[in-house]
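Number of protein chains: 2
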Amino acid sequence: MNGNGPSKLVDPLEDPLPGVGTYEDFNTIDWVREKSKDRDRHREITNKSRQSTVALLHSVSDAFSGWLLMLLVGLMSGALAGGIDIAAHWLTDMKGGVCLIGFWFNHEHCCWKSNEATFQDRDRCPQWQSWAELITGTSEGAFAYIVNYLMYIFWALLFSFLAVTLVRAFAPYACGSGIPEIKTILSGFIIRGYLGKWTLIIKTITLVLAVSSGLSLGKEGPLVHVACCCANILCHLFTKYRKNEAKRREVLSAAAAVGVSVAFGAPIGGVLFSLEEVSYYFPLKTLWRSFFAALVAAFTLRSINPFGNSRLVLFYVEFHAPWHLVELAPFVLLGIFGGLWGARRECYTRMSGAELISELFNDCSLLDSSQLCGYKQPANTSETGVGNSLADRPAGAGLYTALWQLALALVFKMMITVITFGMKVPSGLFIPSMAVGAIAGRLLGVGMEQLAYYNHDSFIFKGWCSPGADCITPGLYAMVGAAACLGGVTRMTVSLVVIMFELTGGLEYIVPLMAATMTSKWVADAFGREGIYEAHIRLNGYPFLEPKEEFEHSSLTVDVMRPKRSDPALAVLTQEGMTVGQVEALVESTHYSGFPVVVSQESQRLVGFVLRRDLLISIDNARKRQEGVVSASQVVFTEHAPSVAADAPPPLRLRGIMDLSPFTVTDHTPMDITVDIFRKLGLRQCLVTHNGRLLGIITKKDILKHMAQIANRDPDSILFN
Amino acid sequence: MNGNGPSKLVDPLEDPLPGVGTYEDFNTIDWVREKSKDRDRHREITNKSRQSTVALLHSVSDAFSGWLLMLLVGLMSGALAGGIDIAAHWLTDMKGGVCLIGFWFNHEHCCWKSNEATFQDRDRCPQWQSWAELITGTSEGAFAYIVNYLMYIFWALLFSFLAVTLVRAFAPYACGSGIPEIKTILSGFIIRGYLGKWTLIIKTITLVLAVSSGLSLGKEGPLVHVACCCANILCHLFTKYRKNEAKRREVLSAAAAVGVSVAFGAPIGGVLFSLEEVSYYFPLKTLWRSFFAALVAAFTLRSINPFGNSRLVLFYVEFHAPWHLVELAPFVLLGIFGGLWGARRECYTRMSGAELISELFNDCSLLDSSQLCGYKQPANTSETGVGNSLADRPAGAGLYTALWQLALALVFKMMITVITFGMKVPSGLFIPSMAVGAIAGRLLGVGMEQLAYYNHDSFIFKGWCSPGADCITPGLYAMVGAAACLGGVTRMTVSLVVIMFELTGGLEYIVPLMAATMTSKWVADAFGREGIYEAHIRLNGYPFLEPKEEFEHSSLTVDVMRPKRSDPALAVLTQEGMTVGQVEALVESTHYSGFPVVVSQESQRLVGFVLRRDLLISIDNARKRQEGVVSASQVVFTEHAPSVAADAPPPLRLRGIMDLSPFTVTDHTPMDITVDIFRKLGLRQCLVTHNGRLLGIITKKDILKHMAQIANRDPDSILFN
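Which chain is which? The protein sequence lines are A and B, in order.
If you're matching positions, the first sequence starts at 1 in the UniProt record's numbering and goes up one per residue.
If you're matching positions, the second sequence starts at 1 in the UniProt record's numbering and goes up one per residue.
Same shape as in the complex, but just chain A (with noise of 0.2 Å):
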């Protein structure tokens, strides 16, 4: 890096202009030139680091310190994912009352610091108070329980509204569930502040706010938010990652998956989600690094342990009943409805989604008390035998009103979630669409038991459910339809089958959850291609070109290209010849990001492409730094400056901020081949020559508007560059 003249402006690596070769808010990146970059930086260092013991270490420290960023971004998520649920158990319990030996235990904690309650009545105990008990200085009676349910009303009220007040007050970007932004993050967009130190405090406050409130929500997609803003936050304290946007934009995809760890106790699942769902750039070494990062942020979870028990797992099933051949078809069933509720994408009671979840995957043991178990218990129990417990019961009286429950809340809890929806909170989307499925499943699954009861000599059922025996597992319904629903309204597969399989533990039902989650998907993409990510990203008018979708359509480059063939010649600049206040004049007459450089307009012979911004600030710095720069001055972009008048100004010399291998295509280029180039390069725009002649130039917003062109949508819907 030595011995370079004065005329050279830019260095990739000590980058002394200010501004040159950074981006502006709502803009996309170049990922080649940022993963050049990234490489000139990391060559300057291995070379370097053969000269001094200081540069040794300091190249030992740089390699290491994406590991040593991924365990600070699993530490913190995981310690934050723990606090939000420790802050949220303390803030629901606060609905129903108060601790007396201090208001900062929750019911559970308190009974176990009183030493009073007993092994059966774990969590009635003197110290806590209900507000009723409180207040009125009684527990029992009518009163009491209005006096109950209305402090209940008013604390989740409370919540909500402090919720929706401190979003709009503090941070709007904190609200829903952030996913959407974040794949147009990964992509290359620029959202300035969306990661930012006031978003995180805001929606990890506010999250759980809304968890505690009541509000038919789930937090995985606010804690995939939360653990990118953590990863964004922790980027500043590498060089490496805090300059380079490519290199941040690997940070965030682990963060992605570190975010699914955390929500569900899933790390491979976590993996998968980001690799399947969010990230658009997810090379080896990236899964290796969110691979650990969900771990180390796993075991940190399970370290504070929130759901009291040392399990990862957060809806653990304990039945491992095989199924049989024949079942597949009902799960197929749930299957279609879970694809056509995601299609229709609108589509829950007092028990939050969590635990409403969890207790429809469980199975009934004789013990069970819930309702949703309210089987007729059979006469002698010595007829079906000891070890039967589980076998397949006729429906009591009990079973009958859960059910109607379930099918009154599936109706409430659509009402509900159009609701929450609306609202400007962090809000996710799993586990409300879970609970949708899971309550479709066991209604079916308890349906399908009662016939196999009552039908267990019929062709169906017979040879392997005779009486007595354990045939149907409802709760198994559940989990299929839970995967089911969830699958219909994200088009997750692969990912959304080994979250399952891990947040239940449930090797052996790997075949139903991927027949079930493929129907449904098949069936979702039968109404349309788009999952709810995509579409909100249409909505917002977000430059992502989605790299699931075929480009279909047989038009070539030049049909897609600016200018068209009516619009005034393309804006180009020559290596030499052009004055300062010519090219000034140029870039203010247009509004384009870039210029490509050309020998001369008559060859029309691609020379490189100049940036506007960066052109901008170096005639600035030049105009003020650079003594005789002025707008007579000639602007040159050649290797060796051109011989000039003795009395002429000193010429200013840009080729240091030219980009000397622009993309070109040419213009008989099929587009189905350009958006592949632009996708899997990750550009930002790229010449098209014919014969040899600069034609014309392509953008990524140039495709995106074709597409939505094509698609029969207003092309002005794609807003920002």
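Don't read these hints as lab results, they were simulated from the structure.
Virtual Cβ for every residue (Gly too), placed ideally from N, Cα, C.
It is possible that part of the hints are untrue.
Not the full set, but computed from the structure, chain A residues with beta-carbon under 7 Å of chain B [stated by the list, open to error]:
id, residue
1, 36
2, 39
3, 43
4, 288
5, 299
6, 302
7, 552
8, 554
9, 599
10, 666
11, 668
12, 669
13, 681
14, 692
Distance condition first, Cα-Cα at most 27 Å in a straight line; then the derived BS3-like pairs of lysine-lysine [what the hints assert, rightly or not]:
id, chain 1, residue 1, chain 2, residue 2
15, B, 680, B, 624
16, B, 705, A, 285
17, B, 701, A, 680
18, B, 285, A, 548
19, A, 701, B, 37
20, A, 548, A, 705
21, B, 680, A, 701
22, B, 680, A, 243
23, A, 705, B, 701
24, B, 705, A, 37
25, A, 548, A, 701
26, A, 548, B, 701
27, B, 680, A, 37
28, A, 705, B, 680
29, B, 243, A, 680
30, B, 285, A, 701
31, A, 680, B, 624
32, B, 548, A, 285
33, B, 37, A, 285
34, B, 285, A, 37
35, A, 548, B, 243
Since the structure of chain A is already known, use the hints to place chain B on it.
Below, chain B alone, put in the same frame as chain A:
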């Protein structure tokens, strides 16, 4: 597709000239063209589908053909894997004796048929006779023992000899694991016959023989090869996959996942193995399809049930004891051992690898009769409590014997593996590597257990290792050691952890496994960055552009491209003005696989690119079929035919075979970006321009030679195109 002039020789869909657009053996495919061809095909079918019901049905069947193919691949591979397991089991038993009811019964099946076996001695019945009984009439005494032993050796040698002979005589491609070659094929190389029906038949038979002979080898590699052969053969049923090399490689990627899925009963691990280790191009669509195929295969194998239990798990681990943070230190030690072992890459008894691993992974309950569980029995069981049968115990004489045997087995297994690897039989690498690691891990585990038993009051063990408590699980150490050694050899991380986790069913042990595999990868990488498959690819000189390694040298494209500064100018065709004779002379005087087409020799402005093979086939065809085409005929690549003199022969129009959108980079493009473009787009060659003029060409082979040169290797070791 109507109204084309007679001059348009090639239509991507109707393929009138056989050979145009296909590849020769030992050549690299052009991914972009192949995918573009497939999109053209798909577009044509979609457009036609609006015209008639038959076309609509064709369109629907085309859309589902990928899933159908996956189903068939899963079924066929699962059935073959089941067949191999059953046949290998039968042949292994045959080394010990024969069934009198029918020679086609294996030992267990024979005694099960006879109904004379008791519950305690299920494998002893009069119908199953050892060779000594059959030959000498008695199974007692030293003589019978010697006869049995000699027969055992005789069969083992016979099987090995048969395997070697069959491979040598019929299908030399059937030897070894096949994964390096499959990696190369998936990256776009063509090796005809490597995935053919003969290879499949011979590999299946010899794999059975090699496994039954008791050689130290695994079957995961060969099963991946077998699954890929199945996929390749089944591709011939569907035009979509038969005619398109890129689409076929998507199916092969899924087949690699199927191979691992049936080898270990690990569908998720198989998919991740394909993604992390084998595949080159792995779009999300392939992720879904390979997961589906892997599940179908695992399900088929489970239905055949070769392991005699209905689990998908090969080595089922029954312990769920927690592990302590302090134990991470010995786990990391095992990782270092694995890394060192993988770096040295040379490195087993009469027990087969899989049986040995299964025994090493197991924990000891008091009933276990294995010598590895030869602990001193507590004098009074009530002292330690009834539930503590797994508590730490002092080692007994049996255990010490077992440990000596293990240490000897470690040395012996290392020797025999070298012999096996040198043999030309189908052999995998997973099981032998895992066996070495499992032995080392078990030895360390037992050591730790004894240390904890005798020093349970020292500061390390205090608090979690009270006497009589179960604190060290030697089986876990064996598991971690197996993962570490396998990771060192193959450099897998995430897929390895997931395979181990699926293999053993132990969700709790992800963190120890991850710690060991990451350490092992880091240690092995410190000694050399390439895993065993990459080393094998390099030794064979296959043109494989490693997607994991970053190109870190600061060269520019101009330094790597051809022609070099001192070489003659690049051989180019002009778009008009050359005669058929001139073109033929140019093609024959060079050995290049393709020629750029320029506007004129003076301007060197690029128009397109023509492949040598297509050019020769088209000229040959025109000379034979097209009237008036002689050596003096003009070859034209322009859109409109030039006016020719009335007496001149008619021009030969070849625009149809010209690639109108060749990829170009500028001479100033840093090589790291060029390498990135080659990898991501799967290019075969790229043209180099300077200021809009054609300057040279750069091919995959040029890049590989340049990389070999940088690494101080012989650039001529890259053998193929």
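Each hint tested on the structure:
1. Evaluation of the residue 36/A hint against chain B yields a held restraint, the C-beta minimum of about 5 Å falling below 7 Å.
2. For the restraint placing residue 39/A at the interface with chain B, the shortest Cβ-Cβ distance is roughly 5 Å, inside the 7 Å limit, so the hint holds.
3. Evaluation of the residue 43/A hint against chain B yields a held restraint, the C-beta minimum of about 6 Å falling below 7 Å.
4. At about 5 Å, the closest approach between the beta carbon of residue 288/A and any beta carbon in chain B falls short of 7 Å, and the interface hint on this residue holds.
5. For residue 299/A, the suggested interface contact is upheld, since its CB lies about 6 Å from the closest CB of chain B, less than 7 Å.
6. A hinted interface residue such as residue 302/A counts as satisfied when its beta carbon comes closer than 7 Å to some beta carbon of chain B; here the least separation is about 9 Å, so the hint is violated.
7. Given hint, residue 552/A at the interface with chain B, holds; its Cβ is 6 Å from that chain's nearest Cβ, closer than 7 Å.
8. Checking residue 554/A against chain B: minimum C-beta separation of about 6 Å stays under 7 Å; hint holds.
9. Among the interface hints, the one on residue 599/A holds; its C-beta lies about 5 Å from the nearest C-beta in chain B, closer than the 7 Å criterion.
10. Given the 7 Å rule on beta carbons, the hint for residue 666/A holds: about 5 Å separates it from the nearest Cβ of chain B.
11. This hint holds: residue 668/A has a C-beta 4 Å from the nearest C-beta of chain B, less than the 7 Å allowed.
12. With a least beta-carbon distance of about 4 Å to chain B, the hint placing residue 669/A at the interface is held under the 7 Å criterion.
13. Look at residue 681/A: its Cβ gets to within about 6 Å of chain B, closer than 7 Å, so that hint holds up.
14. For the restraint placing residue 692/A at the interface with chain B, the shortest Cβ-Cβ distance is roughly 3 Å, inside the 7 Å limit, so the hint holds.
15. The hinted pair formed by residue 680/B and residue 624/B fails the criterion: a straight-line CA distance of about 41 Å is larger than 27 Å.
16. Straight-line distance between C-alpha atoms of residue 705/B and residue 285/A comes to about 25 Å, which keeps the hinted pair within the 27 Å bound.
17. Simply put, residue 701/B and residue 680/A have alpha-carbon atoms about 22 Å apart, close enough for the 27 Å limit, and the pair holds.
18. Only pairs whose Cα atoms come within 27 Å are accepted, and residue 285/B paired with residue 548/A is accepted, the gap being roughly 8 Å.
19. At roughly 26 Å between alpha-carbon atoms, residue 701/A and residue 37/B fall within 27 Å of each other, so this suggested pair holds.
20. For the given pair, residue 548/A sits about 18 Å from residue 705/A by alpha-carbon distance, which is consistent with the 27 Å threshold.
21. Annotation: proposed proximity of residue 680/B to residue 701/A holds, straight-line Cα distance about 22 Å (limit 27 Å).
22. Proposed proximity of residue 680/B and residue 243/A is supported: the alpha carbons are some 24 Å apart, at most 27 Å.
23. Distance check on the hinted pair: residue 705/A and residue 701/B sit about 39 Å apart at the alpha-carbon level, beyond 27 Å; violated.
24. Annotation: proposed proximity of residue 705/B to residue 37/A holds, straight-line Cα distance about 25 Å (limit 27 Å).
25. Of the supplied pair hints, the one linking residue 548/A and residue 701/A holds, its CA atoms being roughly 18 Å apart against a limit of 27 Å.
26. Taking the CA atoms of residue 548/A and residue 701/B, the gap is about 31 Å. The hint is violated against a cut of 27 Å.
27. This hinted pair checks out: residue 680/B and residue 37/A have alpha carbons roughly 18 Å apart, not beyond 27 Å.
28. For the proposed pair residue 705/A and residue 680/B, the alpha carbon gap of about 25 Å is at most 27 Å, so the pair holds.
29. Under the criterion of a C-alpha separation no larger than 27 Å, the hint pairing residue 243/B with residue 680/A is consistent with the structure, at around 24 Å.
30. With a C-alpha separation of about 25 Å, the suggested pairing of residue 285/B with residue 701/A holds against the 27 Å cut-off.
31. As the CA atoms of residue 680/A and residue 624/B are separated by approximately 43 Å, the hinted pair breaks the 27 Å bound.
32. Of the pairs offered as hints, the one joining residue 548/B and residue 285/A holds, with about 8 Å between alpha carbons and a cut-off of 27 Å not exceeded.
33. About 32 Å separates the Cα atoms of residue 37/B and residue 285/A, which puts this hinted pair outside 27 Å; it is violated.
34. For the given pair, residue 285/B sits about 32 Å from residue 37/A by alpha-carbon distance, which is inconsistent with the 27 Å threshold.
35. About 23 Å separates the Cα atoms of residue 548/A and residue 243/B, which keeps this hinted pair within 27 Å; it holds.
When the structure is compared with the earlier hints, violations turn up for hints 6, 15, 23, 26, 31, 33 and 34 and for no others.
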